[in-house]
Each structure stands twice: as structure tokens, then as C-alpha cells.
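Given next are the chains, with one letter for each unit.
There are 2 protein chains.
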Amino acid sequence: MTDRLTAQFAFLQEIDRLKGVTRATPIGDNSRPENSAEHSWHIATYALVLADQAGPEVRIDRVIRMLLLHDIVEIDAGDMPIHLAHDAEAHAAKEAAAAERIFGLLPEDQAAEFRALWDEFEAAESPDAIFAKSIDRVQPLLLNLASGGGSWIEYDVTMEQIDTRVGEKVKRGAPRLWDHVRARVAPYFGTSR
Amino acid sequence: MTDRLTAQFAFLQEIDRLKGVTRATPIGDNSRPENSAEHSWHIATYALVLADQAGPEVRIDRVIRMLLLHDIVEIDAGDMPIHLAHDAEAHAAKEAAAAERIFGLLPEDQAAEFRALWDEFEAAESPDAIFAKSIDRVQPLLLNLASGGGSWIEYDVTMEQIDTRVGEKVKRGAPRLWDHVRARVAPYFGTSR
Numbered sequence: 022m023t024d025r026l027t028a029q030f031a032f033l034q035e036i037d038r039l040k041g042v043t044r045a046t047p048i049g050d051n052s053r054p055e056n057s058a059e060h061s062w063h064i065a066t067y068a069l070v071l072a073d074q075a076g077p078e079v080r081i082d083r084v085i086r087m088l089l090l091h092d093i094v095e096i097d098a099g100d101m102p103i104h105l106a107h108d109a110e111a112h113a114a115k116e117a118a119a120a121e122r123i124f125g126l127l128p129e130d131q132a133a134e135f136r137a138l139w140d141e142f143e144a145a146e147s148p149d150a151i152f153a154k155s156i157d158r159v160q161p162l163l164l165n166l167a168s169g170g171g172s173w174i175e176y177d178v179t180m181e182q183i184d185t186r187v188g189e190k191v192k193r194g195a196p197r198l199w200d201h202v203r204a205r206v207a208p209y210f211g212t213s214r
Numbered sequence: 022m023t024d025r026l027t028a029q030f031a032f033l034q035e036i037d038r039l040k041g042v043t044r045a046t047p048i049g050d051n052s053r054p055e056n057s058a059e060h061s062w063h064i065a066t067y068a069l070v071l072a073d074q075a076g077p078e079v080r081i082d083r084v085i086r087m088l089l090l091h092d093i094v095e096i097d098a099g100d101m102p103i104h105l106a107h108d109a110e111a112h113a114a115k116e117a118a119a120a121e122r123i124f125g126l127l128p129e130d131q132a133a134e135f136r137a138l139w140d141e142f143e144a145a146e147s148p149d150a151i152f153a154k155s156i157d158r159v160q161p162l163l164l165n166l167a168s169g170g171g172s173w174i175e176y177d178v179t180m181e182q183i184d185t186r187v188g189e190k191v192k193r194g195a196p197r198l199w200d201h202v203r204a205r206v207a208p209y210f211g212t213s214r
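Chains A and B supply the protein sequences, listed in that same order.
Position one of the first sequence corresponds to residue 22 (the numbering used here), numbered consecutively onward.
Position one of the second sequence corresponds to residue 22 (the numbering used here), numbered consecutively onward.
Please note that a few of the clues may not be correct.
One copy or any two copies: either way a pair holds, since identical chains are not told apart in the list.
Stated by the list, open to error - Here are the computed lysine to any residue pairs in the SDA-like style, where the Cα-Cα straight-line distance is at most 25 Å:
| no. | residue 1 | residue 2 |
| --- | --- | --- |
| 1 | 192 | 208 |
| 2 | 115 | 205 |
| 3 | 190 | 45 |
| 4 | 190 | 133 |
| 5 | 190 | 38 |
Since the hints were made in silico from the structure, they are not lab data.
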């Protein structure tokens, strides 16, 4: 048991570093960039609150587990803003190596369990993963809106790009949620459709 | 549905402010104080990883929900370091008023559900709440240890005080966990018993 706890605490201490990974989106009062640890808390709570937007086949507690773990790879790979052009394949390889290393700190059974959950999230094919991805894409929009533009300004983003890069993904998991969020976001870009 | 979503997003936006509430404990690299939002993420993940330390009657997904919500009242009431002498009754009243206001932003059914979960956590009587409280007390010890003393230095804390203020509570929910953690913490205070 002691070896097991030693491995578990090695993991729990390592993931503390997620608090130092910054994102493109500012926190709501625009005082500083959000970090990936507090982002993970925020979207896990989003999933809890917005559970009634998920289809009946979605298990919210699995979604919450996924969201708690989904960004841990950023400790090695960094956060990649969706509006920044990048080599997706190279970045995915970096993240997979990070998953190997960081989940690998855990006892074998948990390493395999959490890695499978992370792989499922990344694949975005299961109902739980599709809903989790929807939630993950919605939260930065609300923060950008609250902070007066946030990463939209930095990356010179258009409503069309939001429809393509964000809307298409949110609609897969939570179509009514997208209708609501889009209606809030569109006026910022001077459009209502 | 739109009214419901409007209320839900009002809550989700308000709780963003938890990212600005600082705690007595520094993050592991000792570069700055931890904030209550990233703390909430860290301990929800603690609960997930340390689930095998919980008794068989504990439902870990309920514990995780509790831990996601447990500190939200600090937006109004602030974080109260356990080693700081304070008027516990006055602080509890402040937190209850905060729960009323902040959970009150949600649709009625969710406001009642989340408030009940928060009340259960605060009461620390159910197996889920007792385990959640154990986890909440353990994480700051590991951060203080990692950062070279943290709030132990600031509040001139002794091992005896940790046994009383922390150990007694952790033992209620996770006795083997306390044995392990105490053995790691004691050398810092120059004691092994």
C-alpha cells in the first residue's frame, strides 16, 4: 500500500505544475491569463451545471473525470490556442509522450485507466468525449466575452472562424447550447446571424 | 430553456472569481500563493486518484462534485487559513450567506441540489463528506512540504498542531492515508513520531 501511495502522490505532486501553464484566454476580470489547472476546475463545474444539455447516453460523472484529467499533458506540451496555426500532428505526438510520462507515474492499473480516459477524450468519438469537448470549447468564449475580447483580439478572430473552429464542435455534443452561446457571442462581432 | 441557460451561465461566470481568491498555501514551486479555483481542481483530482483510500460506502463521484463546489463561498467570504485564529461562528455565517447568494444564481432545482451538497460537506457527517474533508486537509500539507514550509512558516505551526488540526480530521475519513502523510511530514518538524 505504501508503494501505491508513493506513486499516487508522485503523480499528484507532478500535476501541481499545471497551475503554471498559461492559456490564451484571460480570466473574466481580464487581470491575467487563465491557467490550465483553474480552467480544468471551471469546465468540470461547467459539465456539472450544464449536464441537462447532454444527451441521455452521456454519463456526466465520467465527463467530469475526463475534464479533470484532459489538460494534464500540457505540463510537457503546453497549451495550444485553437486560433494559432500549428503542426497538429507534431503537437499530438508531444501530448501522447506527455500522457505516457505523466500517467506513467501512477500505479499500473490507474495509469492504464486514466490513459484510456484521456485517449477517449482526444478521440472525441464516444458520447461522453463529444460532450466533454463541447464544454471545453464553450468556456473560453464566455471568458473572452467577459474580458472584452481576450484571445479573439490577439489572434484577430472572425465570427466565421468561431463557427468553424468552435461551433461545429459544440454542435456535435450540445446543439441547443450552441444556439444560446452563439447568440451571446455574435453581437461582439457585429453580427446577429 | 433559454432562461435556464441564462441563469446557469450567470452562475458559471460568477464563479470565475474564485480564480482570484488566494490561499495561505503556495503552489509547489513556491512562486506564488495557490488560488481556490486551482486548489479545487487539484483536490477533486486527489479524490479521483486516492479513491481506494475511501471506505466502501463512499461514492467518489459525489465526493468529486462536492469538492468542485466546496470553496465557491470564498468568493464572498475569503479563504480562512486553518492555522489562523478566527471567529468560527461569524465566518460560518458569512459562508452561509455566500452560499445563499451564489448558488441562488442557478435555476431553483440546481440551487437546491448544490446547496444541499455544500451543506453536507460543511456538516462533515456523511461518509462522502468525511472523505472529502480528509482530502481537502491533506493537499495543503503536501504543498507546504514541496514549497519548503509554506503556511507552516507564516503561522509558526508545530507538529502537535498539525496532529490536532489536520490529523484528527484526516484520520476520520482515511486513516491509512494519514499514516503515510504523517510519516512524510514529521521529518520537516524534526520528529519521527
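Verification of the supplied hints:
Proximity of residue 192 to residue 208 under the C-alpha cut-off of 25 Å is restricted to the intra-copy arrangement: shortest distance 19 Å within a copy versus 54 Å between copies. Taking identical chains as interchangeable, the C-alpha atoms of residue 115 and residue 205 are never at most 25 Å apart, the minima being 35 Å within one chain and 33 Å between chains. Taking identical chains as interchangeable, the C-alpha atoms of residue 190 and residue 45 lie at most 25 Å apart only when both belong to the same chain, with a minimum of 19 Å there against 39 Å between chains. In this assembly of identical chains, residue 190 and residue 133 lie within 25 Å of each other by CA distance neither inside one copy nor across copies; the values are 27 Å within and 32 Å between.
Proximity of residue 190 to residue 38 under the C-alpha cut-off of 25 Å is found in neither arrangement, the shortest distances being 29 Å within a copy and 27 Å between copies.
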